[in-house]
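Here the protein sequences come in this chain order: A and B. The first sequence begins at 1 in this note's numbering and counts up one residue at a time. The second sequence begins at 1001 in this note's numbering and counts up one residue at a time.
Fair warning: there could be bad hints in the mix.
[Unchecked claim] Part of the chain B face toward chain A, derived, beta carbon under 8 Å: (1) A1031; (2) Y1033; (3) G1042; (4) L1043; (5) Y1048; (6) G1051; (7) D1056; (8) G1059; (9) F1065; (10) G1072; (11) L1091; (12) Y1102; (13) E1103; (14) Y1105; (15) F1106; (16) G1109.
[Stated by the list, open to error] Here are some chain A residues the structure puts well away from chain B; computed CB gaps all over 10 Å: (17) Q14; (18) N67; (19) A70; (20) E83; (21) T103.
Source of the hints: derived by calculation from the structure; they are not laboratory data. Predicted model, so just to flag it, every value in this text is computed and none were measured. By construction, the Cβ of each residue, glycine as well, lies at the ideal position given by its N, Cα and C atoms.
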Amino acid sequence: GENVEQHPSTLSVQEGDSAVIKCTYSDSASNYFPWYKQELGKRPQLIIDIRSNVGEKKDQRIAVTLNKTAKHFSLHITETQPEDSAVYFCAASTGGTGRRALTFGSGTRLQVQP
Amino acid sequence: GAGVSQSPSNKVTEKGKDVELRCDPISGHTALYWYRQSLGQGLEFLIYFQGNSAPDKSGLPSDRFSAERTGGSVSTLTIQRTQQEDSAVYLCASSLSHVGAYEQYFGPGTRLTVT
Chain A
1 GENVEQHPST LSVQEGDSAV IKCTYSDSAS NYFPWYKQEL GKRPQLIIDI RSNVGEKKDQ
61 RIAVTLNKTA KHFSLHITET QPEDSAVYFC AASTGGTGRR ALTFGSGTRL QVQP
Chain B
1001 GAGVSQSPSN KVTEKGKDVE LRCDPISGHT ALYWYRQSLG QGLEFLIYFQ GNSAPDKSGL
1061 PSDRFSAERT GGSVSTLTIQ RTQQEDSAVY LCASSLSHVG AYEQYFGPGT RLTVT
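Chain B with its partners taken away, still in its complex shape (with noise of 0.2 Å):
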């Protein structure tokens, strides 16, 4: 079946201005993440999301980020004000959410440039 698919894979845009970036996660999965990697180093996590649970917002570094997952599916990471050090590859990765069901699948990114 289909694997995580992300859009834009790529995107470019000036400092200031807002940007979205959409994830969609593996049919059936409930639990939908975000990470944020910066050029050659670790994932970071930014938010959670699992079922029609309040999202785990613990990860996102400023109030310039947000994400919302509408019908438990698609999600979409909005950052408001782009700031050149929030330039990073930005993945999405979703899971089952049953109890033993623990691992995670990655989409191939969005990699976004502030310039």
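The following block holds chain A by itself, in its conformation from the complex (with noise of 0.2 Å):
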């Protein structure tokens, strides 16, 4: 089945720097690859997703990229905030066809120090 690893564990920045995060899957038959936010006691939260049909997708200060040959991809955060303080989870499904479970990441806790 699907494996996916996620690194670093805790992600440390100061407010206005850039964080990033990565991970990697093992099934090539992968084609959906969303992020999560999780803020302490709540529901994870869709932020972004990538298809494998592209390579990079960009929202305001977030944006993912995916290498499809090196099964890997990233999520950046430009001009961190306070607020972008949570846990981040990446996750891995063949969305649309066969298996639409997610496998999730081990999650990144991020701080952003004001």
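Since each chain sits alone in its own frame, please combine them into the complex, following the hints.
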């Protein structure tokens, strides 16, 4: 089955700096890669996703890149703000066909220091 | 519109008791998923319902876990003879099912504590 590895487990940055979180996956059939943000005691919130037919997607300060050959994808947050502090999870699935359930990475705790 | 809802929000039970957790998906979402999140850990897939198809039960950790979905909407996750290692937050998610609709939206979860 699919296996998703996520690094780093914790990340501390200064406000205004950029943050990068990286994930690798094992199943070459995976074609959907979402990122979720989870604040303490809250539900995971979908913040951005990418499908296998594109290499990069951007939404304001957040961007995701995908390298299908190397089977890795990354989340980039620019101009970080204290409210970006949370746990971020990457995930992968064969969305649309096959197994649609998500396989999650172990999470990255991001702390933005004001 | 209303998001995914779950009940109860918290459940404390004694070891060996059975528990039922409920999930109401977003109206019109025919796909429903259950995940488990242990303290400080990532999310672990449990079971997936897609319309009238047989559910994907490949993530259920033991035969003490079961789930059903009645009328293609509400789902109930049942844990029999609960053990302390079952303590976790149980999250439900739902999504549309047509081609290209991959986004899953999560409920607030049920925090289960087995004493």
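Okay, the hints, checked on the actual structure:
no.	hint	in the structure
1	A1031	6 Å, holds
2	Y1033	6 Å, holds
3	G1042	4 Å, holds
4	L1043	4 Å, holds
5	Y1048	5 Å, holds
6	G1051	12 Å, violated
7	D1056	6 Å, holds
8	G1059	7 Å, holds
9	F1065	15 Å, violated
10	G1072	16 Å, violated
11	L1091	7 Å, holds
12	Y1102	3 Å, holds
13	E1103	6 Å, holds
14	Y1105	7 Å, holds
15	F1106	4 Å, holds
16	G1109	6 Å, holds
17	Q14	25 Å, holds
18	N67	19 Å, holds
19	A70	22 Å, holds
20	E83	20 Å, holds
21	T103	7 Å, violated
The structure fails hints 6, 9, 10 and 21 (numbered hints given earlier, in ascending order).
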